[in-house]
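A.B. asks: Sequence:
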Amino acid sequence: MVSISGDAKLAANWVMVELGSLLNKQGLEIEQSPVSAEQLGGMLKRITDNTISGKIAKMVFEAMANGEGSADEVIEKRGLKQVTDSGAIESMLDEVLAANAEQVEQYRAADEAKRGKMFGFFVGQAMKASKGKANPQQVNELLKAKLEG
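Numbering that gives the first Met the number 0 applies: residue 0 is where the sequence shown begins, and numbers increase by one.
Check each hint, because a few of them may be wrong.
Here are the simulated DSS-like cross-link-like pairs (lysine-lysine), alpha carbons at most 30 Å apart as the crow flies [said to hold, decoys possible]: (1) 80 to 113; (2) 80 to 116; (3) 80 to 145; (4) 54 to 76; (5) 44 to 80; (6) 145 to 132; (7) 44 to 24.
Source of the hints: derived by calculation from the structure; they are not laboratory data.
Given the sequences, and given the hints that come with them, work out the whole structure.
C.D. replies: Right under this line is the structure:
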């Protein structure tokens, strides 16, 4: 699994938390896991290469546990690939900011402490607009530049 994903900490977290929870709910031992090490490793690779976000990975993991195939098959079948195109994200952010012009004005007039909470609102609106598919790191960076620019 680590050799596939290249991230030991990420692999350990998924085995301990998500896989452990799944096995516990189903009353299974690790040898009976519905998700193989190869499948889990393949999904973790898609997190590390930014094909999917951690949130989307939970949906992919659930689908794999239900026998829907490998991570790549699930991502393709369900159209879960993360949006990393800066142009597409910027365009979506422009729409979000235009739809929330009053909040943008309030944000720009607010002090630093208040801006933190308000920034979270805009991130939430952006993720909602992208149905959770926009790369969260890019959303944060581009949004900050747009709001403070």
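A.B. asks: Could you run down the list of hints and mark each one as holding or not?
C.D. replies: Evaluation of the provided hints:
For the given pair, residue 80 sits about 33 Å from residue 113 by alpha-carbon distance, which is inconsistent with the 30 Å threshold. The straight-line distance between the Cα atoms of residue 80 and residue 116 is roughly 28 Å, inside the 30 Å bound, and the hint therefore holds. The straight-line distance between the Cα atoms of residue 80 and residue 145 is roughly 25 Å, inside the 30 Å bound, and the hint therefore holds. For a cut-off of 30 Å, the pair hint linking residue 54 to residue 76 stands: about 17 Å separates their Cα positions.
This hinted pair checks out: residue 44 and residue 80 have alpha carbons roughly 13 Å apart, not beyond 30 Å. Between the alpha carbons of residue 145 and residue 132 the distance comes to roughly 20 Å, so the proposed pair stays at or under 30 Å and holds. Distance check on the hinted pair: residue 44 and residue 24 sit about 25 Å apart at the alpha-carbon level, within 30 Å; holds.
Hint 1 alone, counting from the list given before, is not met by this structure.
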